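Trainee: Sequence:
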Amino acid sequence: MNNENRTPDRIGFIGLGVMGEPMAENLLQAGYSLTVFNRSAQAANRLAHAGARVVNSIAQVAESSDVVFTMLPDTPDVEAVYFSNDGLLASSRAGMLLIDTTTAAPAIAKRIAQAAQERGIDTLDAPVSGGDVGAKAGTLSIMVGGDEAAYARALPIFQAIGKNIVHMGPAGSGQVTKACNQIVVALTIEAVGEAFALAEKSGVDLARVRDALLGGFAQSRILELHGQRALERRYEPGFRLRLHHKDLGIALSSASEVGVSLPHTAGAREMINVLLAHGHENEDHSYLIQYLRNLAQADSVI
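Residue numbers (full-length UniProt numbering): 1 to 302.
Don't read these hints as lab results, they were simulated from the structure. Heads up, some of the hints might be wrong.
[Unchecked claim] Straight-line alpha carbon distances no greater than 27 Å define the calculated DSSO-like cross-link-like pairs of lysine-lysine that follow:
1. 246 x 163
2. 110 x 201
3. 246 x 201
4. 136 x 246
5. 163 x 201
These numbers were taken from a predicted model, which means no experiment stands behind them.
Let the hints inform the model, and build the full structure from the sequences given.
Mentor: This is the structure we're talking about:
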């Protein structure tokens, strides 16, 4: 589709959580007309003050929009929003573009794409990485699956919310890539936790350990940002443990479907299982570092 001289798309946004609200706000700041729907009113009301139109149903979002973003908690939520009788697919018209930025199962992205194609609707699965910090700053990494023409149409819009935007391939490819991302993130957090546990138990200053590692081959954004969180024991959620637990479940299910073994991913998810069982589901996922530090102490408290 040729984007030259076309009227800017009217944007709809469904799901205004920790990630969705700042993403929607950045779309407003980029000058897009924005219609929003959210189950709870607080975030929607904040966006209304910033210039968004707040509506009371998914259908009203579709009626008022050319492109609709969804940012939802999990795969069942995506299924409900897209496939219910009054959901997004039933309410959308030919020529619209639906973009799901939820981290969800690749299979649901493929189902949505097939059902939408039958109605003349374009879709993209476009999960994001960067946490609430990246969402607020408009610097998210966006991993996009779907048709090339739909990607080209969406790219200027994506540039209002992200910086590293990559078209991965056909429907479902974005979700597979996000699963890979979540594996690397989880195992890097776990590695930082093990390193901190060893250093702390050995009596070596953790701040100096972090500084030293940041200057070498072990350097990473996780060591930089979550390492600092761990030093300060500051675990208010940027990305909640329960959501990373969900994402690793998607990775393991996807691996099972194609016959791939992910033993360390399974181990990291089991550690998070323990933390969820002890009431830490709403801590930041970097709390896994604290868990491993606690295990190293004689008076361990999970």
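Trainee: Now tell me, hint by hint, if it's right for this structure.
Mentor: How the hints compare with the structure:
{"no.": "1", "hint": "246 x 163", "verdict": "holds, 25 Å"}
{"no.": "2", "hint": "110 x 201", "verdict": "violated, 48 Å"}
{"no.": "3", "hint": "246 x 201", "verdict": "violated, 31 Å"}
{"no.": "4", "hint": "136 x 246", "verdict": "holds, 23 Å"}
{"no.": "5", "hint": "163 x 201", "verdict": "violated, 40 Å"}
Consistency note: the structure conflicts with the earlier hints numbered 2, 3, 5.
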